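2 protein chains.
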Amino acid sequence: MKLYGYWRSTAAYRVRIALHLKEIPFESVSVHLVNNGGEQHHEHYAAINPNELVPCLIDGDLTLNQSLAIIDYIDNQYPNVALYPQEIKQKAQVQALSLDIASEIHPLNNLRVQQYLSQELAVSDEAKSAWVEHWMNIGFKAIENKIASTSGLYCFADEVTVADICLVAQVYNAHRFKVDMTDFPTINKVVENCNRLPAFIKAKPENQSDAVK
Amino acid sequence: MKLYGYWRSTAAYRVRIALHLKEIPFESVSVHLVNNGGEQHHEHYAAINPNELVPCLIDGDLTLNQSLAIIDYIDNQYPNVALYPQEIKQKAQVQALSLDIASEIHPLNNLRVQQYLSQELAVSDEAKSAWVEHWMNIGFKAIENKIASTSGLYCFADEVTVADICLVAQVYNAHRFKVDMTDFPTINKVVENCNRLPAFIKAKPENQSDAVK
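Note that the protein sequences, when read in sequence, are chains A and B. Each residue of the first sequence is one higher than the one before, starting from 551 at the first, in this note's numbering. Each residue of the second sequence is one higher than the one before, starting from 551 at the first, in this note's numbering.
Among the clues, some could well be false.
Since copy identity is lost for identical chains, a pair holds within one copy or between any two.
Claimed, not checked - Distance condition first, Cα-Cα at most 25 Å in a straight line; then the derived DSS-like pairs of lysine-lysine:
no. : residue 1 : residue 2
1   : Lys639    : Lys572
2   : Lys552    : Lys641
3   : Lys641    : Lys572
4   : Lys641    : Lys739
5   : Lys739    : Lys572
6   : Lys639    : Lys552
7   : Lys763    : Lys639
8   : Lys728    : Lys639
9   : Lys752    : Lys572
10  : Lys691    : Lys752
11  : Lys678    : Lys739
Hint data in this document are derived by calculation from the structure and do not stem from the laboratory. A quick note: this is a predicted structure, and the numbers were derived from the prediction, not measured.
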């Protein structure tokens with residue numbers, strides 16, 4: 551398997567965690583999101599992923615984008631370590647929490663949106679930080695509320711699920727943008743517990759070969 | 551089943567299509583997203599869905615948000631009409647296309663974002679229209695590119711999938727915001743074909759009891 555990603559991409563980070571949890575070997579190909587006008591927009595990469603975003607997974611004849619689709623694909627192909635509960639209602643709750651992050655928090659704060667805010671709308675750096683903080687706060691508040699009653703070691707009792715994968719990557723991003731996390735004790739507890747696991751450590755942005763220190 | 555929604559919510563529209571495709575009877579509860587400061591923010595609804603967004607499904611003891619999680623739940627509980635291909639790689643492609651819409655296009659254009667742009671960032675109506683058009687165009691361009699080689703009657707050959715559900719709701723939204731769709735002939739063809747099916751007709755915003763004509 552070949553994973554096109556970038557060390558600091560939240561969505562690529564999610565996929566790395568899943569691959570490491572399942573102990574699937576993969577080749578990482580770095581797509582630099584900033585240098586040279588953003589390599590994700592170069593012809594070569596746009597032909598692989600017309601969305602011009604990372605991550606993208608190549609597995610034989612399959613070219614697959616969207617981190618949650620990639621993770622589900624991996625989960626179906628390699629059921630050695632389950633990333634969702636088996637029970638239908640529990641699985642649905644895990645999916646909903648993952649989407650609370652992947653469809654509500656992350657899309658509003660990623661690079662292309664921040665670029666549009668500054669370049670097209672001339673939004674100041676201060677107002678851009680407020681934007682990032684606003685959407686993260688709203689999202690984390692809802693998640694804190696949800697997992698206060700479901701969490702054990704992780705978001706849902708004591709098994710790692712896709713919800714934890716999404717949460718850890720999003721909280722990394724929150725720290726990067728200096729979002730105050732003091733109001734979210736359950737989230738912080740879960741993230742700490744995840745970050746003790748080898749798969750989560752291996753997947754960390756700073757542990758990737760394209761990381762800039 | 552009880553579905554909290556709103557006639558013009560793109561995400562609620564997706565769930566209605568899925569329920570009608572499976573011929574599952576459900577009770578619709580309207581949450582007016584604009585009146586009274588937005589009923590989704592009222593205490594009663596926030597207790598049901600702390601994200602303060604529609605849709606939200608109640609099924610017995612299950613309270614579930616996020617349209618794609620709800621659709622997958624319905625699909626697992628009522629396998630009478632499949633909404634995904636069985637084959638793992640094909641399923642993954644359907645998921646990726648659904649997420650191209652649900653995680654890339656829709657979150658940037660929904661009501662709360664438009665409200666933030668005008669209220670917090672004093673963005674003009676013209677610049678707000680350009681914002682909506684920008685994200686829809688980027689997203690539709692990638693989708694047109696993808697489905698040009700996979701479509702038959704629908705996004706993937708001749709079976710209706712979740713990708714079609716997401717596409718129809720998103721294109722409804724595009725028309726509402728007067729986005730020029732002439733560059734997307736495959737998308738237009740698929741949407742037209744879907745909109746001939748009874749389930750898609752029943753689910754249309756204008757056919758809901760809370761629709762404002």
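So, going through the hints one by one against the coordinates:
no., hint, in the structure
1, Lys639 - Lys572, "both (24 Å within a copy, 18 Å between copies)"
2, Lys552 - Lys641, "between (28 Å within a copy, 20 Å between copies)"
3, Lys641 - Lys572, "both (18 Å within a copy, 20 Å between copies)"
4, Lys641 - Lys739, "within (22 Å within a copy, 34 Å between copies)"
5, Lys739 - Lys572, "within (23 Å within a copy, 40 Å between copies)"
6, Lys639 - Lys552, "between (33 Å within a copy, 16 Å between copies)"
7, Lys763 - Lys639, "neither (42 Å within a copy, 37 Å between copies)"
8, Lys728 - Lys639, "neither (35 Å within a copy, 39 Å between copies)"
9, Lys752 - Lys572, "within (12 Å within a copy, 43 Å between copies)"
10, Lys691 - Lys752, "neither (28 Å within a copy, 35 Å between copies)"
11, Lys678 - Lys739, "neither (28 Å within a copy, 39 Å between copies)"
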